[in-house]
Amino acid sequence: MSLLELDDVKVHFPVKKGLFFDRTVGHVYAVDGVSLSIEAGQTYGLVGESGCGKTTLGRAVLRLNDITDGGVVFDGTDLAKLPGEEMRAFRRRLQMVFQDPLGSLNPRQNIESILSEGMAAHGIGKDQAERREKIKDILAKVGLPSNALSRYPHEFSGGQRQRIGIARALVLEPDVIICDEPVSALDVSVQAQVINLLEELQESLGLTYLVIAHDLAVVRHISDVIGVMYLGGLVEEAPSDALYAGPRHPYTKALMSAVPVPDPEIEDRRERILLHGDLPSPANPPAGCRFHTRCPWVQETKCATERPPLLDTGDGHKVACHFTAEIEAGTVKRTLATGIEAVVGTETVAAEAEEVSEAETEAPAADAPKKEPATVPAQADANARAKATDAGEARTKAADATEEAADAPEKAEDSPKT
Amino acid sequence: MTILTNKADKIDRLAELTQSNESVNGSSLWREAFRRMRSSKMAIIGAAIIAAFVLVAVVGPMLAPHGATAQTWRSEVFPNQGKFIGMRGENWFGLDHLGRDMFSRWLVGARQTLLVGVVSMLIGLIVGALVGVLSGAAATLGGKAGQRIDTVIMRFTDIMLSLPSLLLAVSIAAVLGQSLTTVMIAVGVVQIPIFARLLRGSMLVQGGADYVLAAKAVGIRRKRIVLTQILPNSLSPVIVQATLSLATAIIEAAALSYLGLGNPDPAVPEWGVMLSQAQRFFDNEPMMAAYPAIGIIITALGFTLLGEAMREALDPKLRG
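Protein chains in written order, with our numbering: chain A, 327 to 744; chain B, 17 to 336.
Careful: at least some of the hints might be erroneous.
List of simulated lysine-lysine pairs, DSSO-like, C-alpha gap at most 30 Å [said to hold, decoys possible]:
(1) A:Lys343 / B:Lys99
(2) A:Lys407 / A:Lys462
(3) B:Lys26 / A:Lys342
(4) B:Lys160 / A:Lys336
(5) A:Lys407 / B:Lys239
(6) B:Lys160 / A:Lys407
(7) A:Lys342 / B:Lys99
(8) A:Lys452 / B:Lys26
(9) A:Lys343 / B:Lys26
(10) A:Lys342 / B:Lys239
(11) A:Lys336 / B:Lys239
(12) A:Lys343 / B:Lys160
One-sided excerpt, in silico: chain A residues whose CB lies under 8 Å from chain B [stated by the list, open to error]:
(13) Arg414
(14) Arg417
(15) Gln421
(16) Asp426
(17) Asn432
(18) Pro433
(19) Arg434
(20) Lys460
(21) Asp463
(22) Ile464
(23) Phe482
(24) Leu523
If you are wondering where the hints come from, they were derived from the structure by calculation, not from laboratory data.
It should be emphasised that the depicted structure is a prediction, and the values quoted were computed from it without experimental measurement.
Idealized CB from N, CA, C, for every residue including glycine.
Make a model of the complete structure from these sequences and hints.
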């Protein structure tokens, strides 16, 4: 039995219009049927681009958003149907760390007040003195000086504020912490510190994490299992290493290929999948597979009509695609034009061009000693030259393509924020 | 319809002022605002005028050289023949139509005017804030039922806002009868929808902030979230509005007194009453109207200057 289990969770926001009385004119399908389970002590990483519903899902677990349908079973209790006051009591065991460390701290409360308010609400500690002792303990654990108590949020740095946010969750001794983009608002130099702190705390306190992020490196570092979300649904879920070693869903492949590789030679040669177009509107999601409008492998059958279920393809690697096996086997070809043709195409031409230019430099040298059979080298020369111009063109093409490809990871990093 | 939306828009815009305050300076927001106000000429002039006015209102009656209601020089003025006494050593502001000392009446009248202004502003502020808190709390944390309550309250305030304020005050005064209390209530009621809408708008902005979500996630009760999280962060535009509305309250109270809806005893001096009495003799003795008018104008100016300076000091967009 897992500690936290989500069963076909749906969060639909009504779109309202009206002069005097609001009429519901449609829904935004922010989260549309997500099932996942998190074992105690594990870290589940949730990735996806901005607007795919990962933050909404995280908030739905805590009932900060209303759950339209489905179940959130935490330690045997279905939170989705709990009445308000009972849910409030359960919040002690499920905590959240927010993306914006400053925005999530009340500017008019000092740190002691911020941290003790939750304890008071749950009846932890007899009086303020006892709570203060506990808060000092936790502050030491998250690496903040105890003189922080009487100070206000704006007097701290970004990293320190996020530590306060973590301390706020920890004082309640929760079992599960949902980290919504815990480091994306921090300086890169501080990100690692906060991530390490989260890992240390997990080890010493036996916490279970649901980490929501768009930074693939962060998620890989911290997660045991990773789920990839696209437009309100999970498209792939696998143990962290398996997912990074061999992504199986076309969307995950595209996502992974956007991560630059530190080796420039591999970086130049590796295959990149550039997706065209934007994320479709969650208010009007495409029928069938949500990804079929942008999928490079889209097929005429099934894709546009049938929504693929998330199925185990072996070793706990779950994929929601009708053609996983076929794509792996290479029997299904790419159908949509993507950036990939350009890159792969020019790479092969560029490779040829290299050979050709070698041949060209050799050609005059070969010319010099043997003047007699003039016709043959001359022809070869002409050939070589013709090829060389081709090669030149190919090079510029290749340069364009790499430029385009270089843009891609940037875009991928920029866009997914929620 | 346009008047209604204009007013509502203005109030909403003022409410937006709170939006980015919280992210910049936190606790020292007020301290910082105060520091910036000290270096603003507008604030200093406004504060000086208000201080002078309050001083006159408090100690004025003690300084008055003559009785404010005594018709000491009754035999010297002949209003029917247009014979008045202007400024002179004994009576600095001259005499009114009944031979009373204008300067003494002016000093004593300041207290009444301040009283009317402050009390009616407080009526508007307190009732309006209560309505606003109710509406704002219902809209942010009350779920669907709360949003319905909020809609009903806001439509009601919109109706009140759409009526011209003086007309509304006159109708209220007409219902309640002629008295000073009536003037205060009438002017106060006119302010209620403004404060209500302002606080509610400001609370809506704060209600969507991350720290409110965080408080919810921590499991703090809703009542406490409203009182400790949302409300303290939503008050700054309301305080600015309170200063500004003191000026309008004084002017409106004067207008009601002028229309004869104020204190039924015309002998008790009040700037609005004095103004209305002076009207009849404006052709012969315009100075009789000038003194209370100047008093009202300068006082209103003082409150407006201070209010505007406070708004600027609290506006994060003008931070420099």
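We went through each hint and held it up to the structure:
1. A:Lys343 / B:Lys99: Roughly 69 Å between the alpha carbons, so the hint for A:Lys343 and B:Lys99 is violated.
2. A:Lys407 / A:Lys462: Given pair A:Lys407, A:Lys462 is violated - Cα atoms ~36 Å apart, limit 30 Å.
3. B:Lys26 / A:Lys342: 24 Å, holds
4. B:Lys160 / A:Lys336: 19 Å, holds
5. A:Lys407 / B:Lys239: 22 Å, holds
6. B:Lys160 / A:Lys407: Holds, because 17 Å separates the two Cα atoms, which is no more than 30 Å.
7. A:Lys342 / B:Lys99: 71 Å, violated
8. A:Lys452 / B:Lys26: Roughly 48 Å between the alpha carbons, so the hint for A:Lys452 and B:Lys26 is violated.
9. A:Lys343 / B:Lys26: 23 Å, holds
10. A:Lys342 / B:Lys239: 27 Å, holds
11. A:Lys336 / B:Lys239: 29 Å, holds
12. A:Lys343 / B:Lys160: 15 Å, holds
13. Arg414: Hint on A:Arg414: holds, closest Cβ of chain B at ~5 Å, below 8 Å.
14. Arg417: 4 Å, holds
15. Gln421: 7 Å, holds
16. Asp426: 5 Å, holds
17. Asn432: At about 4 Å, which falls below the 8 Å cut-off, the nearest Cβ of chain B leaves the hint on A:Asn432 intact, so it holds.
18. Pro433: 3 Å, holds
19. Arg434: For A:Arg434, the interface hint holds, since the closest Cβ of chain B sits about 5 Å away, which is under 8 Å.
20. Lys460: 15 Å, violated
21. Asp463: 18 Å, violated
22. Ile464: Where the cut-off is 8 Å and the nearest Cβ of chain B is about 14 Å from A:Ile464, the hint is violated.
23. Phe482: With a closest approach of 10 Å, the A:Phe482 hint is violated.
24. Leu523: A:Leu523 check fails; min Cβ-Cβ to chain B is 18 Å, beyond 8 Å.
Checked against the numbered hints given earlier, the structure breaks hints 1, 2, 7, 8, 20, 21, 22, 23 and 24 and satisfies all the rest.
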